[in-house]
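Protein chains in written order, with numbering that gives the first Met the number 0: chain A, 0 to 263; chain B, 0 to 381.
Hints are all accurate, no fakes.
Restricting the straight-line Cα-Cα distance to at most 27 Å, the calculated cross-link-like pairs of lysine-lysine (BS3-like) are:
#1 A/150 with A/106
#2 B/371 with A/132
#3 A/132 with A/106
#4 A/174 with A/132
#5 A/132 with A/172
#6 A/150 with B/371
#7 A/124 with A/150
#8 B/371 with A/124
#9 A/172 with A/106
#10 B/371 with A/120
#11 A/124 with A/172
#12 A/106 with A/174
Hints are computed from structural coordinates only; laboratory data are not their basis.
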Amino acid sequence: MNKVLFSCEGLTMKFGGLTALNRLDLGIDEGDILGLVGPNGSGKTTFFNVVTGIYRPTEGRVFFDGKDITGASSQTVFEAGIARTFQRSRLCLELSIFDNIMIGNFKRHDLGFVSNIFRRKTFQKTCEEEVEKAIELIRLLNPELVGSIHKPVADLSMIDRRRIEICRALIGKPKLLFLDEPSAGMTHDETNQLMDEILAMKSDERQLTIVLIEHEMGIIGKVTTRCAVLNFGEKLCDGTYQSIVENPLVQEAYLGREVTEDEV
Amino acid sequence: MPNSRDFLRCSALAALLFTYIGFLLGAEEELSIAAYLLCGAGVVIALVLFDVFSAIERLVQANETFWQVLMLAGTLALIAVFHQDHYTLFLIGTIFIYSVAVLGINVQLGYAGVINFSGASFFGIGGYTAAVFLQNTSIPGSLTLPLGGLFAAVIGSLLLLPVLRTSGHYSALVTMAFALLMKVFLEVSEWLGGPQGLSLPPLEFMGINFAEDIVIMGKECSFYVKYDMVCLALLVLAFVFVRRVERSWMGLAMDAVRIDETAAACFGVNVTRWKITAFTMGNFVIGMAGALYAMMLSYINPSNFTFSDSLLFLSILLLGGIGSIWGVIAATAFMVVIPEKFQVVQEYRYLIYSAMVLAMILFRPSGLLPRKPRSYAMGGRS
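Using the sequences and the hints, build the whole thing.
Structure follows, in structure tokens:
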């Protein structure tokens, strides 16, 4: 059996009268790719935001890698080893590709005054090493981007921006990666391509665990090892892709119920 | 070293630029000044429209160090040309000092996104610190500069808590309140001379008395030449410092905080730390500039450091291009020289400033010389 990397118990998030997450229990094993599915507004992104410290949960506990990270700040959660991408791309558009990737790498950088301002020779050397590392990572996703590593991200297409966001999340070597609808705003082919790239990367980094929010069920079936379905902030079920697709509760949530004769 | 073609191009450009500035500074009749300004504006607009401007930018970027040397040489040449003209030399010194102060604002607003509507207050704190220390102690003039910076940074840290607890308009209001408070405090404080202000004894530095004219290479020079040299030295220091902050992980962390606090925090960036760092560093730089300004004026009072001056600092930053160091220097030169040279508009200068800022926001929102994508190397991109 694999070891449990992440778990949450009774996780609840209320915004005033609205319950966005309702007593969610979820466990993720190391090395899993968990697909998180559910209709719009079912609490998928809220789950990410609660875990990564953007919101404080109303109730419940979150454990990661043996530590209790309930209500921890975004910074602490990142330092513990959880990185994420955002549903609406949140890159720094006016900064270069390299800058954006480096934002995910501050854990390893010396941010001190002396080394940044006075030891410029040493700084220059580490900087060149970092460029090499960033290039290595970009090459996995799209080798064509290597040449424009010092150009602003604003010039890039949607799929390339997603790639850079994934690079930014991966460069700090997280244990758990949250991908919040990486296919939003992309065509079907582009989505497939990006997923293949993510799978290829996953086979390189066996330790990496991924949680993926995705609407396209075909993709979920292709890449995930397990799925969990949310509806109105509650978990309907979890299990393999096959088991959730066949689950009548899930079908009802997505397609609605068959109307019985009495109701007509 | 640049290749010979770039060498010639850069030199020719710099020569043209400084000849123009020289004529503008030397012009005395309002009609000729207006003609020079119109010519200058026409040339700049034509260059931008015909895309020559971006070619020049690329040329300068590729030969960064050489261009900086040229700018320094040109400035020294200007000072040499006007070596007897007290007034013009004073103007040049003022440009240097204001540039330093706006570079401080640039670290705060341009990098970390911390808005500061009390720039002139910190400028004033630096000035008053210098005055008090020079009057009451035997601390050498050179030491009062960092002391001015230190006092501005320390007093600025009082503002940190309210600025960090609020955001957007509210933190702008906090700094505005501080600016008004500071002005009133200076006006009523007996100890600081009240509305009459304080006078500073002439600066002495390494045995040189800064109040006496000097003779350099057989030529009689205004004592302002000495002040200009010190101001220029401070500007070069501030330039190098701010550049290095920008081209480092510190600058990147500040950019990340400015552009998207939430995303930055999700990547482990300590938002509070970088706001504090930027605010304090900025105030230190502004305070140093203020201390030197007080020494050059040799007499300061509260009306040197009003809320309008804080607005002027911010307008200069907007006009030059937020985050752009050369933009700051160019815009400062413009904003300082125009009202001084154009006495007719002196009364209306804030009207003109605001019109220019509005025009800039409408037609070229990234400023006169927009900030370039970061390169981490010094001395130009290879």
